[in-house]
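**Q** Sequences are here, hints too, so could you generate the full structure?
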Amino acid sequence: DAKTTQPNSMESNEEEPVHLPCNHSTISGTDYIHWYRQLPSQGPEYVIHGLTSNVNNRMASLAIAEDRKSSTLILHRATLRDAAVYYCILRPGGGADGLTFGKGTHLIIQP
Amino acid sequence: NAGVTQTPKFRILKIGQSMTLQCTQDMNHNYMYWYRQDPGMGLKLIYYSVGAGITDKGEVPNGYNVSRSTTEDFPLRLELAAPSQTSVYFCASSYATGYQPQHFGDGTRLSIL
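Just so you know, the protein sequences line up as chains A and B, in that order.
Sequential numbering of the first sequence, starting at 1, is according to the working numbering.
Sequential numbering of the second sequence, starting at 1, is according to the working numbering.
There could be a bad hint or two in this list.
Below 30 Å or equal to it, Euclidean Cα-Cα: the simulated DSSO-like pairs (lysine-lysine) are [stated by the list, open to error]:
1) K3/A / K57/B
2) K57/B / K103/A
3) K44/B / K103/A
4) K57/B / K9/B
5) K9/B / K103/A
6) K69/A / K44/B
Bear in mind the hints are in silico, worked out from the structure with no lab data behind them.
**A** As structure tokens, then:
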């Protein structure tokens, strides 16, 4: 899987929007951009994924740059429960093996 | 809907002992995965399976074995426990490959002393 680069940590205030960046300059045309998060003492949880167009679901939005070399996960109104490690992962469309996790971004939410 | 269930949640082993980590899913997923997570790190793939009877190695398979006799179950076996295998182990499953999300269990925390 291609490599991604994320900030080690970010801090935000409760009830404010959060923008989590991810750089993936070596992305290939068939790579999907996935985001997972891991709350303390839990397994990773799927958040959202996209290929070329921006995506929205009940948890978050994913904004993908036109050249696909970067993306941003947007939490529209952060709560304390959103404090977690967020992982940006590239995955080939036909890949059968597992996900490649980096160290992710540790998101801290201040009340 | 239970999703992915892992047992036990915690275990302490002595060096050289053996054990099996259990994983079962009730979503009729063909694809199943085992990962380990060391402190402060991301998850690393140990083994995966694309269906009953088919398994393949991931990034860190040494010291582990797996089997997949049914769609639901994917046990991970440690034959001779070593301190380097102290970690948190996660099992996951997915309906298909590529863009399909993986669903994770809550993990097994294993200490080898």
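**Q** Among the hints numbered above, which are violated by the structure, and what are their numbers in rising order?
**A** Hint check: nothing fails, all pass.
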